[in-house]
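Peer 1: In order, the protein sequences belong to chains S and C.
Throughout the first sequence, residue numbering follows my numbering, covering 171 to 349 in sequence.
Throughout the second sequence, residue numbering follows my numbering, covering 113 to 428 in sequence.
Simulated restraints, written as ranges between beta carbons of each label pair: (1) Lys181(S) to Leu190(C): 47 to 53 Å; (2) Leu336(S) to Thr361(C): 21 to 27 Å; (3) Glu259(S) to Lys315(C): 49 to 55 Å; (4) Pro396(C) to Asn233(S): 46 to 52 Å; (5) Asp318(S) to Leu340(C): 47 to 53 Å; (6) Ile207(C) to Ile250(S): 20 to 26 Å; (7) Gly202(S) to Phe186(C): 28 to 34 Å; (8) Glu295(S) to Leu190(C): 36 to 42 Å; (9) Met353(C) to Ile250(S): 38 to 44 Å; (10) Ile207(C) to Asn213(S): 39 to 45 Å; (11) Ser346(C) to Arg173(S): 36 to 42 Å; (12) Leu379(C) to Val184(S): 57 to 63 Å; (13) Ile207(C) to Arg330(S): 36 to 42 Å; (14) Thr204(C) to Pro337(S): 27 to 33 Å.
Simulated pairs of lysine-lysine, DSBU-like, Cα-Cα distance not exceeding 35 Å: (15) Lys195(C) to Lys194(S); (16) Lys390(C) to Lys320(C); (17) Lys296(S) to Lys195(C).
To spell it out: a stretch of chain C is covered by chain S in this simulated footprint if at least three of its residues, at any positions, have a beta carbon under 8 Å from a beta carbon of chain S; those stretches are: (18) 130–143; (19) 209–222.
Just so you know, the hints here were simulated from the structure itself, not pulled from any lab data.
A virtual CB, placed ideally from N, CA and C, is assigned to each residue, including glycine.
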Amino acid sequence: MARYGMVIDTKKCVGCMDCVVACKTENNVPEGYNRDWIVQVANGKFPYINLEIQSQRCNHCDNTPCVSCCPTGASHVHEIGKVVLVDHEVCIGCKACIAACPYDARFIHPDGYADKCTFCIHRVEKGELPACVSVCPTHCMYFGDLDDPNSEVSKLLASRKYHVLLPEAGTSPRIFYLI
Amino acid sequence: MLQEITTTRHNPHIDPFVHVWGWEIPIYLFLGGMVAGMMIISGYFLFSKRYKDTTCSCFTIPLIGVAFLSIGMFALFLDLEHKFYFWRLYTTFRISSPMSWGAWILVLVYPVIIVNFLINPPEIIVRRFPKLNLITSYINEHPKLIQNIGITNMLIGSALGIYTGILLSTMGARPLWNSSMLAVLFLVSGLSTAAAFVHMISKSQYEKELLAKADNGFLVIELFVIMLFLIGLSTSSAVHMNAARLLITGEYAPQFWTFVIGTGIILPLIIQLLAVNKKIKHNPIAPILVIIGGLILRFIIVYAGQYSHYINAHFK
Numbered sequence: 171m172a173r174y175g176m177v178i179d180t181k182k183c184v185g186c187m188d189c190v191v192a193c194k195t196e197n198n199v200p201e202g203y204n205r206d207w208i209v210q211v212a213n214g215k216f217p218y219i220n221l222e223i224q225s226q227r228c229n230h231c232d233n234t235p236c237v238s239c240c241p242t243g244a245s246h247v248h249e250i251g252k253v254v255l256v257d258h259e260v261c262i263g264c265k266a267c268i269a270a271c272p273y274d275a276r277f278i279h280p281d282g283y284a285d286k287c288t289f290c291i292h293r294v295e296k297g298e299l300p301a302c303v304s305v306c307p308t309h310c311m312y313f314g315d316l317d318d319p320n321s322e323v324s325k326l327l328a329s330r331k332y333h334v335l336l337p338e339a340g341t342s343p344r345i346f347y348l349i
Numbered sequence: 113m114l115q116e117i118t119t120t121r122h123n124p125h126i127d128p129f130v131h132v133w134g135w136e137i138p139i140y141l142f143l144g145g146m147v148a149g150m151m152i153i154s155g156y157f158l159f160s161k162r163y164k165d166t167t168c169s170c171f172t173i174p175l176i177g178v179a180f181l182s183i184g185m186f187a188l189f190l191d192l193e194h195k196f197y198f199w200r201l202y203t204t205f206r207i208s209s210p211m212s213w214g215a216w217i218l219v220l221v222y223p224v225i226i227v228n229f230l231i232n233p234p235e236i237i238v239r240r241f242p243k244l245n246l247i248t249s250y251i252n253e254h255p256k257l258i259q260n261i262g263i264t265n266m267l268i269g270s271a272l273g274i275y276t277g278i279l280l281s282t283m284g285a286r287p288l289w290n291s292s293m294l295a296v297l298f299l300v301s302g303l304s305t306a307a308a309f310v311h312m313i314s315k316s317q318y319e320k321e322l323l324a325k326a327d328n329g330f331l332v333i334e335l336f337v338i339m340l341f342l343i344g345l346s347t348s349s350a351v352h353m354n355a356a357r358l359l360i361t362g363e364y365a366p367q368f369w370t371f372v373i374g375t376g377i378i379l380p381l382i383i384q385l386l387a388v389n390k391k392i393k394h395n396p397i398a399p400i401l402v403i404i405g406g407l408i409l410r411f412i413i414v415y416a417g418q419y420s421h422y423i424n425a426h427f428k
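Please build the complete structure, drawing on both the sequences and the hints.
Peer 2: The following block contains the structure:
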């Protein structure tokens, strides 16, 4: 069974927000809400300052606090690619998953259910790439099966240095940032 | 040294810091905790055979308990964003979700309180539903059963009091809640607010005396548990230290020290110690302060907990 993940090359990302716009368009994300977003992290002391641009979204963690705390099973790990999804018809809007997510990746959709990135599973099931990956003008985003050693993402992780977000939160996130 | 994080995200109630749980959750946690305490107190009175005294509060507690719990659950219902899907809670049981445990514990709480109520229901209700007399007389013919009802009330009450704390402490993303002490804190705070409330409504001088003494005990334990809670956090990792700082010297410190520790624990403890030692008469000031302290404790824990975060940028 596949285990989908994303690899984002921070050396190539320019923070153009095309991924953000693509996601909003593809998934009809309501005005004022974001399923993905851009974070700029500046570190160091002048003139030795390092700037990293990260396209962030739900990390589709291997260890999912949002799924464990869900009282109805609305938040679940999908059989395809172990993608973390929310079943809108089962979600009661208790917001436990929002409180449990260290990445604050979720929000309450104006229609009342918890919403977040789905890795565009509706596209992936048709053999397409997630919207954000498909539009990236610098080709800095890669999507694929982390369990397949021959996939592009696995090869990148085997050959490049990378980091994940908040490893100390113990969630084993599946979005990797190449550095 | 520069460390700057900028984000394009500004999701409502998520940024700049999470505030998805408003007044409804602390109100529920407070009322749920108090009802849990009331069930334990009533259960103790039944178990210790105090129910033989007609002035026993164990006959008035159940009705008030049901009312308080229903208000609390209504607040919980108001908090749901997908309100008319709430029944989904009862089509499954998720073993890893404290909220699921809570939903099912609440299902058990009502019948247990109602059985306590049926030991000696008020005249007005018996007149309307004379068949209740059958149950009442059956229960009263079996003193052991009454004691068992007492034990069940204490057990289910404890489960209700404890789960609310576990609910928050399992949210790994909110450092302030990452302490199993929360379960003990909410249970003890529930007991102290319940003892204070029953002390106020009790008609028996014996109960007033007993509950004032018990409340003093609960308040001392609560103070100790809060101390352990803060020590645990402030000797943990950086994010936990920052979370503890929110209460000790940070944004929530004034409210915390004034209303939770000062007027919520220390002052009523002094007043009740004087009352127990017959220096002053028993009065409702101390219980009211304890109840307000318990309420504000829930607000501070829920609000400050959501504010606490893994990203240090959220701490001024």
